[in-house]
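**Student:** Sequence:
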Amino acid sequence: MTKWKSFTSKTDYKSAVRRINELIDLKRTDAEHNELSLLSFLVEKWEVEHLPLPDASPVEVIKFAMEMKGIRQQDLIPVLGTKGNISKILNGKANIHLEDIQPLSSILGIPVDALIPKGKIWTPSSGILAEPSPTYELSKSKSKMDEVKTIRKKVRHPKAQTILSRDAKR
Numbered sequence: 001m002t003k004w005k006s007f008t009s010k011t012d013y014k015s016a017v018r019r020i021n022e023l024i025d026l027k028r029t030d031a032e033h034n035e036l037s038l039l040s041f042l043v044e045k046w047e048v049e050h051l052p053l054p055d056a057s058p059v060e061v062i063k064f065a066m067e068m069k070g071i072r073q074q075d076l077i078p079v080l081g082t083k084g085n086i087s088k089i090l091n092g093k094a095n096i097h098l099e100d101i102q103p104l105s106s107i108l109g110i111p112v113d114a115l116i117p118k119g120k121i122w123t124p125s126s127g128i129l130a131e132p133s134p135t136y137e138l139s140k141s142k143s144k145m146d147e148v149k150t151i152r153k154k155v156r157h158p159k160a161q162t163i164l165s166r167d168a169k170r
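In UniProt numbering, the protein residues as written are 1 to 170.
It should be emphasised that the hints constitute simulated quantities derived from the structure, not laboratory data. Treat the hints with care, since some could be wrong.
Unchecked claim - Subject to a maximum C-alpha distance of 20 Å in a straight line, what follows is the list of computed PhoX-like cross-link-like pairs (lysine-lysine):
no.: 1; residue 1: LYS45; residue 2: LYS69
no.: 2; residue 1: LYS5; residue 2: LYS27
no.: 3; residue 1: LYS45; residue 2: LYS3
no.: 4; residue 1: LYS93; residue 2: LYS69
no.: 5; residue 1: LYS14; residue 2: LYS45
no.: 6; residue 1: LYS93; residue 2: LYS83
no.: 7; residue 1: LYS118; residue 2: LYS93
no.: 8; residue 1: LYS45; residue 2: LYS5
This one's a predicted model, so the numbers in the text were calculated from it and none came from an experiment.
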């Protein structure tokens with residue numbers, strides 16, 4: 001049995017995937033079962049860190065993760081509120097609030113980036129991700145800059161920080 005550790009190359013990753021495929025077809029001993037668990041963890045970690053995300057909408061990603069992990073809508077109530085609100089989000093009739101993205105990412109075990117729609121912006125006044133409108137501009141007035149600084153202190157997510165910084169410069 002090979003001693004496995006964090007992968008340092010794509011070759012390590014491919015070797016682990018081959019070994020997983022071998023172990024899946026075996027009637028495993030306890031040691032092989034432990035090896036399979038470790039390799040599965042290491043492969044998942046590598047894929048999250050090194051493989052690009054598919055072009056899927058956040059709703060598609062959420063639905064897929066829910067199905068894969070056996071999570072029901074009611075399991076998301078602590079994060080997204082009522083079952084009605086969850087249904088609206090899953091049917092594309094409501095946006096995901098920025099403060100819900102990190103906890104949702106943790107529960108579903110998916111990267112935060114997968115939950116931020118491409119082409120969406122974060123609006124400081126509403127705290128939600130929304131379509132950019134031609135009239136949307138962040139004024140450089142002192143009150144708006146103070147609002148952005150206050151919000152930036154509350155928001156810890158790096159992607160939100162980047163969006164806020166970019167908008168503040170406009």
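**Student:** So which of the earlier hints does this model not fit?
**Tutor:** 2, 4
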